[in-house]
Amino acid sequence: MSTTRRLPVAPRRQALPTLVMGFCAFLLASGPSVSAEIAPTKFVTGNGITVLVLEQHFLPIVEIHTLIKAGSAQDPPDKAGLANLVASLLDEGTTTRTSKQQAEQIDFVGGTLEANASEDFTTASARVLKKDIDLGFTLLADMLQHPAFYKQEFERIRTQLLGEMASDNDDPGHIAMKAFNQLVFHGHPYRWPVNGTEETLNKITLADVQAFYGREYSPSQVILTIVGDVTLEQATALVQTHFETWKKVAPTARNTKKPAPVERRTVQLIEKDLTQSTIVLGHVGLPRAHPDFYSVTVMNYILGAGGFSSRLMDSIRDKQGLAYGIMSHFDARLMPGSFWVNLQTKTETTNQAITGVLSEIKSMRDAPVSDQELTEAKSFLMGSFPLRFDSTAKLAQALAQVEFYGLGFEYFTQYPKWIDRVTKEDVQRVAKQYLDPKRYALVVVGNIAKAKVKH
Amino acid sequence: MQCARRPTMTWLYSRHIMQISWLIAVSSLAFAFTSPAVATEPREFILSNGMKVLLAEVPKAPVATVQVWYKVGSRNEVMGRAGLSHMLEHMMFKGTAKYPKGTFSRLIRKNGGMDNAFTSQDFTAYFENLAADRVELALELEADRMQGLVLDMSELTTEREVVKEERRLRAEDDPQGALVEALFAQAYLSHPYHWPVIGWFSDLDAMTLDDLQRHYDTYYSPNNATLVVVGDINADSLLPTIKQLFEPIPRGPEPKLIATMESEQKGERRFLLKRDAQVPFVMMGYRVPNFTSEDSYALDILDSILSHGKSSRLYQNLVYEQKSSLAVGAEYSLLQTDPGLFYFYALVSPGQRPEVVEEALHREIKRLQADPPTEQELQRAKNQVEATHVFEQDSNFRHAMLLGQAESVGAGWQKIDQFVERIRAVTTKDIQRVARQYLTEDNRTVGTLIPVPPKQPEAPSTAAQQGRP
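Taken in sequence, the protein lines are chains L and Y.
This note's numbering runs 7 ahead of the 1-based position in the first sequence.
This note's numbering runs 1083 ahead of the 1-based position in the second sequence.
Hints may contain errors.
[To be verified] Derived pair list, reagent style DMTMM-like, types lysine to aspartate or glutamate, alpha-carbon separation capped at 20 Å:
no. : chain 1 : residue 1 : chain 2 : residue 2
1   : Y       : Lys1177   : L       : Asp321
2   : Y       : Lys1357   : L       : Asp299
3   : Y       : Lys1357   : L       : Asp321
4   : Y       : Lys1143   : L       : Asp236
5   : Y       : Lys1538   : L       : Asp280
6   : L       : Lys265    : L       : Asp236
7   : L       : Lys369    : L       : Glu355
8   : Y       : Lys1143   : L       : Asp175
[What the hints assert, rightly or not] Label pairs and their calculated CB-CB ranges:
no. : chain 1 : residue 1 : chain 2 : residue 2 : range
9   : L       : Gln359    : Y       : Lys1538   : 21 to 31 Å
10  : L       : Lys445    : Y       : Pro1537   : 49 to 59 Å
11  : Y       : Leu1292   : L       : Lys445    : 38 to 48 Å
12  : Y       : Pro1331   : L       : Gly415    : 47 to 57 Å
13  : Y       : Pro1183   : L       : Lys445    : 33 to 43 Å
14  : Y       : Pro1331   : L       : Phe65     : 56 to 66 Å
15  : L       : Asp85     : Y       : Lys1538   : 31 to 41 Å
16  : L       : Glu432    : Y       : Lys1538   : 31 to 41 Å
17  : L       : Thr103    : Y       : Glu1524   : 58 to 68 Å
18  : Y       : Ser1131   : L       : Lys439    : 55 to 65 Å
19  : Y       : Gln1462   : L       : Ala244    : 25 to 35 Å
Hints in this document: simulated from the structure, not taken from any laboratory.
Built from N, CA and C at the ideal position, the CB exists for glycine as well.
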């Protein structure tokens, strides 16, 4: 149920202190040396597509990734799920290929072709072997520029999405997040699930799909990222051949809106015949471009994002044995996203777990973190940088998102500095500013009668 | 994109929630990774204590994965102690004399790495993904816990509760997970594939420190382990460090071979699972051979023709044409220690009957038995195998997992080296033959999840309340 779309966080090794001394002395012989040399070439085509190319010649594979700057946040309020439905129909037939022909062509070369919507944007990508690069471009360009939106495919996919929505209700984590988002983002575009609700999906017409596509899918709204075994010259020529015919439309204005804060403690209890309670607790967070993002990242690592080194994991799982998984998240988006902690615990320990979570949130605000916690959090965030870009697909996604959020490609070299300068005072300041143990939304899914939630 | 949903795989349990894509990755490990054009062959070394070491140099990014694989999984357990291997995996993070509790993960983390572990029916594996210049730290820590693990009663008491929460999450409260568990219990009567990797509640409660100690002493020895390192490393310079760290560990006893075999299935087995759920779910498992049989290659291609991609037969017929299923698939992994299941699953569309879906699955099987697939379908499947092989190498982690799994199930990485070649030799007639031989009524176990209305709670079904500020 983790749905973080937080940007890859990037560090530099030079700043890494010699933490392992005393444990593992031989490490001192080899100084930290890793730095991420990620320097894509960027250009804009005549019709307005932003293109990023990064050559990677180790394996004969190519990732062609498009990010379209329109997601479920652009759905009309009564038609939630529209952006996702449009994305779902891209590989269900174009003016020259049926759904089955698209599938057959990509499957025959063992490649993948897919499109997915999220809150802030939609992605469509093709992954192929180098020898099939022209086919990859052809199929991707075709589905982006000439989707047919056949009536019968529209009906079929909508029915399919409605069915999946029903099936998703077997996942308590999914139910809890859906309820949580409605509490935290009331009246805000992030309120509904990306795939909509039964009610809103049923209101969408084929004309809505065509209109959304016509309005939002425009070359100037596209970041096209190519990573892999291809030269800049080849990539440029392929972009020209396949994408320069795409007609420009006037961009639509974007409204960004801050979600209203959770004014008071709001609790929603959802009865389901389960042995565990699924708990989600949190409130509004911050936007990705906010300068506090880096201090919040360090703070959140110490609270609950740092795996087995986090306070929540240590307290709720390792000391009390109350949960298998527990984590805290700041989902920083174009507009402020949310902060939440999620876990599952047996029905009987529901209250104990909630109390434990609130107490850890409170401690983050009340006292500064220790020097050791701060150092360890920073060295993980800086040192794990290269792991975030260790596959072609991850690299392509990261490049596209750095461009989308306007972080600039110095991000890849400057990130460690931004993390390294976070102080204990910063951590406590952002804990006080972005964590609230009194005004929060709490959702519990499970055997409510037996759990007797007191919070 | 609609066909990507797959049921929770039964046999991979990890210490902490891992990315779901990793779980799926393991289920499709049947794809070996040999393609003459691009293979990064590992170098193999055997240490003086019998430990096998596989090192693959992949300089494309300054990172590496270190993995230690032990040949022990739920197949090495006995009745009454189901879940012991997985419980031990959790306890492996509780510290040694040199690195006390909590030190392991903290050290890895503060060096920018991530660590975790996973247990299957056949193996238990521990890994660290980290910057290439930190590999030695991971090796030092893994060598240390290969012996001298401190097993403490109060730690066990707490961790037992954690594992029980994991069981609730994956089986008790997950209808599909519950059906998978029941399917294996029905398909295997005597062989340990009968019980789930996570174990039963009563067995988890009954486990003692002695059980864990015995399991550790029996299976956690260098001669029962494989060390795999893939990434931006230099094998020649790393080997002396590996020797220095691991060779002092004495050779352990040779674990007994598991003698329990499953006899031939003589007649279809069927069962129902009735519980609170939104939509029905159908599974069919057929007992098939593993990598030791030449037929495994044709079975692998058969799986591909049926279920890989949206142009595959099951998706096109059940999801696209008939619209009776929300998701459908087949799954076969030849990399299992003992013969496993070739299984089908279908998530039934709301309003559709599971009987109709099951019948549609049977129809697809019968079609392949009556007529071989087309040459075009065969070629597509082969191309998919070859492409997947290259894509797998894009991730050091998955690359290392393939090596580790192939070694741990007894296939050996050299053997799967021939995989693509063998796959190329499969004919349409072979596929028809294995479909006829193995996908038979008498050899199958069918389980159906039937949703029933939830138990009536004592309180109102959904209560929303506003608290005081």
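- Ascending list of hint numbers which this structure does not respect: 2, 3, 6, 7, 8, 10, 14, 16, 17
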